[in-house]
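The primary structure of each chain is shown beneath.
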Amino acid sequence: MGLVTAADFPELTSFGTLLKFALAMERAAAEIAKLAEREECETRRDELIHCARRHTKRGGQLERVRRERLNEVVLQRIDGMEAREYIPALDLPADATGPETMERMISVEESAACFYDDAAKIAANVLAGVDRTLRKLAKENHSLAASLKMEK
Amino acid sequence: MSDNPNLLPEVRKHYGRVRNYIDGEWVESGSTRVLDVVNPATTEGIAEVPMATAAEAEQAVTAAAEAYEEWRETPPAIRVQPLFRLKRLFEENYEEIARVIVQEHGKVIDEARGSVRRSIDNLEFACGIPSLMMGETLEDGAATGIDEEMIRQPLGVFAAVAPFNFPAMVPLWFWPVAVACGNTFVVKPSEEMPLTQSRIFELIDEADLPPGVVNMINGDKEAVDALIDDPRVQGISFVGSTRVARIIYERAAVQGKRVQCQGGAKNFLTVMPDVNLDACLPNMISSFFGNTGQRCLAGAVLVLVGDRADEVAKAFVDAASGIRLGYGLDEGAEMGPLAAKRHMERVVGFIEAGVSEGAELILDGRNPGVEGYPDGFFVGPTVFDNVAPEATIVREEIFGPVVSIVRVSDLEEAIELANSSRYGNASSIYTGSGRSAREYKYRVRGGNIGINLGVAAPMAFFPFGGYKDSFFGDLHGQGKDGVNFFTERKVVISRWV
Chain A
1 MGLVTAADFP ELTSFGTLLK FALAMERAAA EIAKLAEREE CETRRDELIH
51 CARRHTKRGG QLERVRRERL NEVVLQRIDG MEAREYIPAL DLPADATGPE
101 TMERMISVEE SAACFYDDAA KIAANVLAGV DRTLRKLAKE NHSLAASLKM
151 EK
Chain B
1001 MSDNPNLLPE VRKHYGRVRN YIDGEWVESG STRVLDVVNP ATTEGIAEVP
1051 MATAAEAEQA VTAAAEAYEE WRETPPAIRV QPLFRLKRLF EENYEEIARV
1101 IVQEHGKVID EARGSVRRSI DNLEFACGIP SLMMGETLED GAATGIDEEM
1151 IRQPLGVFAA VAPFNFPAMV PLWFWPVAVA CGNTFVVKPS EEMPLTQSRI
1201 FELIDEADLP PGVVNMINGD KEAVDALIDD PRVQGISFVG STRVARIIYE
1251 RAAVQGKRVQ CQGGAKNFLT VMPDVNLDAC LPNMISSFFG NTGQRCLAGA
1301 VLVLVGDRAD EVAKAFVDAA SGIRLGYGLD EGAEMGPLAA KRHMERVVGF
1351 IEAGVSEGAE LILDGRNPGV EGYPDGFFVG PTVFDNVAPE ATIVREEIFG
1401 PVVSIVRVSD LEEAIELANS SRYGNASSIY TGSGRSAREY KYRVRGGNIG
1451 INLGVAAPMA FFPFGGYKDS FFGDLHGQGK DGVNFFTERK VVISRWV
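Residue numbers (this note's numbering), protein chains in the order written: chain A, 1 to 152; chain B, 1001 to 1497.
Be aware that one or more of the hints could be misleading.
[To be verified] Distance windows between CB atoms, simulated:
#1 1369(B) x 93(A): 40 to 46 Å
#2 129(A) x 1141(B): 42 to 48 Å
#3 53(A) x 1078(B): 38 to 44 Å
#4 79(A) x 1025(B): 48 to 54 Å
#5 1442(B) x 79(A): 29 to 35 Å
#6 103(A) x 1322(B): 36 to 42 Å
#7 136(A) x 1048(B): 46 to 52 Å
#8 136(A) x 1229(B): 55 to 61 Å
#9 1372(B) x 146(A): 41 to 47 Å
#10 79(A) x 1055(B): 51 to 57 Å
[As the list claims (entries may be wrong)] To be clear about the criterion: a stretch of chain A counts as covered by chain B if any three or more of its residues have a C-beta under 8 Å from a C-beta of chain B, and this derived list gives those stretches:
#11 14-24
#12 45-59
#13 75-82
Calculated directly from the structure, the hints in this document are not laboratory data. All C-beta atoms, glycine included, are put in the ideal place defined by N, C-alpha and C.
So that you can see chain A by itself, here it is in the shape it has in the complex (with noise of 0.2 Å):
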């Protein structure tokens, strides 16, 4: 899938890189979980489309905050956070079976709960505001994460 590579994200030292991230990481997400639409994934497919349309809703949000709000009085620098401590294995091969679209899926939602909990870290230093926002969308991946965990 190539969507997110670490090399896309050198750092992420501002407002607009962190949101780009996120955004991308919104994107692949979705798609990944869209795999679920595949023949070979016939078991869970309802959970994995409800994660992309999810996740695509997410995209929307993240967009929306960038344009809100931006402004000069909290542009600063952001510090201690790189892109490739958040970005999970996203190969997954066109023909990968349902468990297998599942695992990655997991681990994607596992990886998203940890950049945007960090990442509400920062912007609550930063970004008053935009904290809230990346704090639901982090307790969203964990709920996620949790739900396509259990055994059905």
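For chain A, the structure is supplied; the task is to place chain B on it using the hints.
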């Protein structure tokens, strides 16, 4: 440059010959004086802009004057409808406008996006004119049975002369409120940065304001003089250097016009020994180096108070030296080039003046050698330490990423230093003490004060302007000051017999 995965695409490689927008039409200028518009990072020519003649400026004023009567009779609630549409168009074209700004100005994309947001904020404010423009009434105000009321009325044609540093935002400080109040308008963007406003005027055209209500001419002194001297122009808004602000103020005021002229700045950022340095340092850095130091609210002098001066200076220089320079469309770049070659040369001239006057150059940003952009107009973060308060680099506006560190013994001395400047646009204090903050806020003579915040930029609903040589006039831009500037108050006393 194309190998960089972080590089956003340019909107267009070349924008051709920039036109004027008069009476709802795009008009080619007949001027023979033409400037090149240059991308300051790549140094590629990206457009040509003719300098409007006095006759062309007069045409724009004629269009505005002819549109005025019908526009002022249009109810305020109807007048704001095109502004609502324009706000939507801004949102839809937000990213594109930001990229045009980067292309012609050089600031990094986040800064450009932030300035588009500020533009939208001003449109939103103006959309509230039906409430903001309301008058006041007092029954029996004059005597029993005699009511008194105050109504606000538009005046006619206004004009704005905009600077190069915020190509999208500054004209929107003025014209949306003016037009919503029932006036008509002529915008003259910076001749160095005409493309952003051209794109915005395409959106204005799409928003379907009646012809002549808002007009744009691209030009320089000839056009500005024509606007000021045209008797139909009721008032002028200007943002730029103090030298030009004073000239425009005097020339317009002597003709009895309304004038609001924002001039230069030299902003002092005072750091107290009780500062929470970890929390505040990134903010200081952003103030000094954001927009490559090219904003009237940028920090210029870092005033270190007391016994933590060495520690703060070292942390500051360490952070400044890590700033990554690059083309603003590279989302990883933290600081772009200066906006034009002449600005770069001016900034370098000030660095040389600092050296020759004996200031200690501890971070030299000259010839930074930015990979992929060898000819770009870059000057990296530059820091002088132990600068004398009377040094040229402390007194004069540099408008670039050059910081002068001045060490003082206490808050009293810091306040005196800030107040000794001929400028009074902005000033900030970083401290954990409410008492120090209150003292600073109370005593520093500046129009915009930051407490643990280095860019005290008033939002659209607050007035924006400085003191002393940073502002000439009375009513500032934005907020209720804007409504007052663009309206005349009339008192009506009524008796029914």
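Residue 79(A) paired with residue 1055(B), Cβ distance criterion 51 to 57 Å
This hint holds: roughly 55 Å between Cβ atoms.
Taking the CB of residue 136(A) and the CB of residue 1229(B), does the distance hold inside 55 to 61 Å?
holds (57 Å)
Taking 41 to 47 Å as the hint, is the beta-carbon distance of residue 1372(B) and residue 146(A) inside that range?
holds (45 Å)
Is the coverage entry for the stretch 75-82 of chain A by chain B consistent with the three-residue Cβ rule at 8 Å?
holds (count 5)
Test coverage of the stretch 45-59 of chain A by chain B using CB-CB distances below 8 Å; three residues minimum.
Violated, because only 0 residues of the stretch 45-59 of chain A bring their Cβ atoms closer than 8 Å to Cβ atoms of chain B.
Given a hint of 36 to 42 Å, does the C-beta separation of residue 103(A) and residue 1322(B) actually sit inside it?
holds (39 Å)
Okay, residue 1442(B) versus residue 79(A) on CB: inside 29 to 35 Å?
holds (34 Å)
Could you see if the CB distance from residue 53(A) to residue 1078(B) stays within 38 to 44 Å?
holds (41 Å)
Just to be sure I understand the hint, the distance between the Cβ atoms of residue 129(A) and residue 1141(B) should be within 42 to 48 Å; is that true here?
Taking Cβ atoms as reference, residue 129(A) and residue 1141(B) lie about 44 Å apart, which means the hint holds.
Could one say that the CB atoms of residue 136(A) and residue 1048(B) fall in the range 46 to 52 Å?
holds (49 Å)
Between residue 1369(B) and residue 93(A), does the C-beta distance stay in 40 to 46 Å?
holds (44 Å)
Confirm or reject the claim that residue 79(A) and residue 1025(B) have a C-beta distance inside 48 to 54 Å.
holds (51 Å)
Hint check: a violation occurs at hint 12 only; the rest are consistent with the structure.
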